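*Asks:* Given only the sequences and the hints, what does the whole structure look like? Please build it.
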Amino acid sequence: MELFFTQLTNGLAVGGIYALIALGYTMVYGVLKLINFAHGDLFTIGAYLGLTLLASLGLTGYVGTAGGLLFLALMVMGLVGIIGILLDRAAYKPLRNSPRLSAVVSALGASIVFSNTIMLVYGPSPKVYPQGLLPTHVFYLFGLPVPIMRIIILATSLFLMIGLYVFIQKTRTGTAIRAAAIDQGAARLMGINVDRVIMLVFFIGPALGGAAGLMVGLHYGQINFTMGWIYGLKAFTAAILGGIGNIPGAMVGGLLLGVIESMGAAYISNAWKDAIAFFVLILILIVRPTGLLGERVAEKI
Amino acid sequence: MSFSGKNIRNGIYAAVAVCWIAAPVFLSNYQTDVLNNIAIYALLGLSLNIILGYGGMFHMGHAAFFAIGAYTTAIINTSYGIPVLWLLPLSGITAGVFALVVARPIIHLRGDYLLIVTIGMVEIVRIALVNNIFGITGGPNGIFGIASPQVFGHPINGIVSPGHYFYLLTAFLAFTIAVFYLLEHSRYGRALKYLCSDSIAAEGSGIDTSGYKLSAFVIGAFWAGMVGNLYAGKITFISPESFSFWESVVMFMIVILGGAGSIPGVLLGAILIIGLPEFFQELQQYRLLIFGIALVAMMIFRPQGILPPKPHTYPVDKLDEKEVTL
Chain S
38 MELFFTQLTN
48 GLAVGGIYAL
58 IALGYTMVYG
68 VLKLINFAHG
78 DLFTIGAYLG
88 LTLLASLGLT
98 GYVGTAGGLL
108 FLALMVMGLV
118 GIIGILLDRA
128 AYKPLRNSPR
138 LSAVVSALGA
148 SIVFSNTIML
158 VYGPSPKVYP
168 QGLLPTHVFY
178 LFGLPVPIMR
188 IIILATSLFL
198 MIGLYVFIQK
208 TRTGTAIRAA
218 AIDQGAARLM
228 GINVDRVIML
238 VFFIGPALGG
248 AAGLMVGLHY
258 GQINFTMGWI
268 YGLKAFTAAI
278 LGGIGNIPGA
288 MVGGLLLGVI
298 ESMGAAYISN
308 AWKDAIAFFV
318 LILILIVRPT
328 GLLGERVAEK
338 I
Chain A
2 MSFSGKNIRN
12 GIYAAVAVCW
22 IAAPVFLSNY
32 QTDVLNNIAI
42 YALLGLSLNI
52 ILGYGGMFHM
62 GHAAFFAIGA
72 YTTAIINTSY
82 GIPVLWLLPL
92 SGITAGVFAL
102 VVARPIIHLR
112 GDYLLIVTIG
122 MVEIVRIALV
132 NNIFGITGGP
142 NGIFGIASPQ
152 VFGHPINGIV
162 SPGHYFYLLT
172 AFLAFTIAVF
182 YLLEHSRYGR
192 ALKYLCSDSI
202 AAEGSGIDTS
212 GYKLSAFVIG
222 AFWAGMVGNL
232 YAGKITFISP
242 ESFSFWESVV
252 MFMIVILGGA
262 GSIPGVLLGA
272 ILIIGLPEFF
282 QELQQYRLLI
292 FGIALVAMMI
302 FRPQGILPPK
312 PHTYPVDKLD
322 EKEVTL
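Top line first, the protein sequences correspond to chains S and A. This note's numbering applies: residue 38 is where the first sequence begins, and numbers increase by one. This note's numbering applies: residue 2 is where the second sequence begins, and numbers increase by one.
The hints are simulated quantities; they were obtained by calculation from the structure and are not laboratory data. Please note: incorrect hints may appear among the correct ones.
[Stated by the list, open to error] Distance condition first, Cα-Cα at most 30 Å in a straight line; then the derived DSSO-like pairs of lysine-lysine:
id : chain 1 : residue 1 : chain 2 : residue 2
1  : S       : LYS70     : S       : LYS164
2  : A       : LYS7      : S       : LYS70
3  : A       : LYS311    : A       : LYS194
4  : A       : LYS311    : A       : LYS7
5  : S       : LYS70     : S       : LYS207
6  : S       : LYS130    : S       : LYS70
7  : A       : LYS194    : S       : LYS130
8  : A       : LYS7      : A       : LYS194
9  : S       : LYS130    : A       : LYS7
[What the hints assert, rightly or not] Rough simulated footprint, nothing fancy, chain A against chain S, three-plus residues with beta-carbon under 8 Å:
id : stretch
10 : 136–145
11 : 174–188
[To be verified] Simulated coverage check for chain A against chain S, where a stretch passes if three residues somewhere in it have a Cβ under 8 Å from a Cβ of chain S:
id : stretch
12 : 99–113
13 : 116–130
14 : 177–190
15 : 260–271
Predicted, not measured: the structure shown is a model, and the values here were computed from it. All C-beta atoms, glycine included, are put in the ideal place defined by N, C-alpha and C.
*Replies:* This is the structure in structure tokens:
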């Protein structure tokens with residue numbers, strides 16, 4: 038029971054991170070029908086930028102730990118968001134009218150460029166985050182341990198997800214994003230500036246991914262330049278699991294995948310932990326390609 | 002003989018082939034080993050080209066088939082002592098059967114999803130190898146002590162005398178080019194290219210699209226498995242690291258940058274991607290960065306690759322009387 042509960046909280050914390058990254062995939066997919074392979078590397082950039090800013094500015098010294106981390110998160114999100122827009126300009130915008138697979142190859146190239154740039158700038162060895170910024174103590178709920186750090190991670194990701202959901206559902210700009218996702222041409226005819234919507238999507242998605250990168254740094258304490266692609270693939274699996282192009286789907290898929298993975302690691306085999314997500318991915322694409330709540334991706338033969 | 006474009010092209014191919022065959026005489030062992038690597042990747046690129054170039058399926062898990070071929074050879078050779086080259090067909094068959102089982106349910110996925118699933122497949126295979134599946138793969142350490150191949154009783158050691166191994170690989174490469182050239186110009190190859198450019202029209206013309214796609218997958222995997230055999234015989238030691246996702250990316254880049262669907266293009270891609278970095282040793286750490294930029298730039302400026310396939314032409318004056326239907 039204790040193992041189960043530990044794995045559940047662990048899975049939910051990781052799942053929240055997957056969900057945040059998955060939102061970036063799903064939003065870009067929703068509007069452009071493009072799998073942004075470089076998204077995982079934007080997540081890594083977030084983690085590294087967070088580390089640099091944390092070390093160089095020493096914000097937590099001036100405004101307290103909580104305020105400093107909040108400010109740090111906003112800066113990381115802004116910067117990664119801008120990198121996201123630049124990525125779109127450089128690698129995807131010239132290919133808007135090309136076959137979709139050209140854009141996928143371009144995305145792959147961009148991903149290679151990002152991960153190698155990080156390696157050249159920061160070196161190939163893993164980097165360590167300063168410890169003790171997040172509270173590490175554990176409280177007990179009905180005698181079961183709940184590490185407070187996991188609660189903070191989960192709460193932060195839930196907060197960001199709910200914020201995004203409200204933004205998409207309730208504001209005018211959010212409505213424009215939804216309209217552009219349904220039919221770009223019709224949205225244009227209705228006077229929506231679709232190019233601006235695409236820019237916005239390439240800001241919000243990477244910003245959330247950057248926040249996830251920062252959270253991984255703070256939670257696990259160690260980051261490396263290749264982590265983007267494994268997190269990216271898992272987050273993509275989460276997006277598919279929930280139904281790609283569907284924002285609540287990405288949230289549900291992320292949390293679910295996190296729990297499935299940590300349960301699988303505990304009860305099936307820890308050595309196969311990374312393979313579990315891929316089995317889930319293959320299984321869901323074969324059995325229910327629409328995801329739990331979403332669009333159809335397989336052609337009938 | 003007139004100097005038409007075709008003659009000039011054939012002349013260039015012949016000159017390149019002669020230079021290639023004569024090269025080991027003038028090169029050091031290390032340089033010959035680089036040529037051997039180019040040959041192995043050229044073979045892998047050609048086998049992937051069947052799936053990606055002709056079939057148009059975005060498959061990024063080719064290293065999995067390569068790995069299965071290499072491990073089949075390694076396990077049977079080290080356990081039962083059967084000579085490496087005898088295992089060549091068997092390595093291909095295991096990889097082909099694996100492809101048949103794996104590809105059947107995923108073949109109908111739309112392009113970019115197929116890409117993701119094949120990445121998942123190659124990762125699962127690698128994790129399985131690391132975890133010593135069935136207790137025969139040697140785990141993360143891999144398998145060592147694979148015998149060198151023997152030709153007419155002469156062992157050909159890929160490490161001590163790369164020059165000898167070079168000719169073994171070149172012979173297999175020539176055989177591969179001939180087979181794939183015939184395949185490309187056969188009814189089968191035309192059908193594959195047709196369904197790649199317009200699958201609905203192809204299906205309307207009576208082509209069994211899923212059957213053709215599946216068979217392209219199996220042929221590509223079969224060939225990659227055979228290359229795995231030659232690779233295992235060359236370095237006599239294999240471990241899961243040799244078959245990572247990045248190997249698949251390199252094969253993918255060879256085909257895409259060189260020219261998907263074009264045999265000379267894939268060969269050029271292998272020479273550029275494997276051979277060129279050797280000339281710029283001091284830029285070694287920037288290698289992948291440059292490839293990444295090249296991928297993006299190619300997709301924007303020349304998405305068909307450096308040497309794209311020539312469209313098939315049917316000159317009217319060379320048609321048979323009975324073929325002219327008007």
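*Asks:* Just to be careful, I want the Cα atoms of LYS70 of chain S and LYS164 of chain S compared with a cutoff of 30 Å; is the pair within it?
*Replies:* Answer violated: LYS70 of chain S to LYS164 of chain S is near 35 Å, above 30 Å.
*Asks:* Need the status of pair LYS7 of chain A, LYS194 of chain A: alpha-carbon distance at most 30 Å?
*Replies:* Roughly 22 Å between the alpha carbons, so the hint for LYS7 of chain A and LYS194 of chain A holds.
*Asks:* Given the hint that LYS194 of chain A pairs with LYS130 of chain S, test it: the Cα-Cα distance must not exceed 30 Å.
*Replies:* The given pair, whose Cα atoms are some 29 Å apart, holds under the 30 Å limit.
*Asks:* Under 8 Å between beta-carbons, do enough residues of the stretch 136–145 of chain S, three at least, approach chain A for the coverage claim to hold?
*Replies:* n = 9 at 8 Å, threshold three: holds.
*Asks:* Hey, LYS7 of chain A versus LYS70 of chain S, does the alpha-carbon distance stay inside 30 Å?
*Replies:* Status violated; Cα separation ~41 Å.
*Asks:* Verify the coverage statement for the stretch 99–113 of chain A against chain S, using a C-beta to C-beta distance below 8 Å and requiring 3 or more qualifying residues.
*Replies:* Our answer is that it holds, as 8 residues pass the Cβ test (under 8 Å) against chain S, meeting three.
*Asks:* CA of LYS70 of chain S to CA of LYS207 of chain S, is that 30 Å or under?
*Replies:* OK: LYS70 of chain S and LYS207 of chain S at ~23 Å, within 30 Å.
*Asks:* Tell me whether the statement that chain S covers the stretch 177–190 of chain A is true, taking a Cβ distance below 8 Å and needing three residues at minimum.
*Replies:* Coverage by chain S is violated for the stretch 177–190 of chain A (0 residues, Cβ < 8 Å).
*Asks:* When you check the alpha-carbon spacing of LYS311 of chain A and LYS194 of chain A, does it fall within 30 Å?
*Replies:* Holds. LYS311 of chain A to LYS194 of chain A sits at ~12 Å (cutoff 30 Å).
*Asks:* So if I understand the rule, the pair passes when the alpha-carbon distance is 30 Å or less; does LYS311 of chain A with LYS7 of chain A pass?
*Replies:* Between LYS311 of chain A and LYS7 of chain A the Cα gap is close to 11 Å, so the pair holds against 30 Å.
*Asks:* Can you take a look at whether the stretch 260–271 of chain A is actually covered by chain S? Rule is 3+ residues, C-beta closer than 8 Å.
*Replies:* violated (count 0)
*Asks:* Tell me if the straight-line CA distance from LYS130 of chain S to LYS7 of chain A falls inside 30 Å.
*Replies:* Outside the cut-off at roughly 38 Å; violated.
The structure is inconsistent with the numbered hints 1, 2, 9, 11, 14, 15, although it conforms to all the rest.
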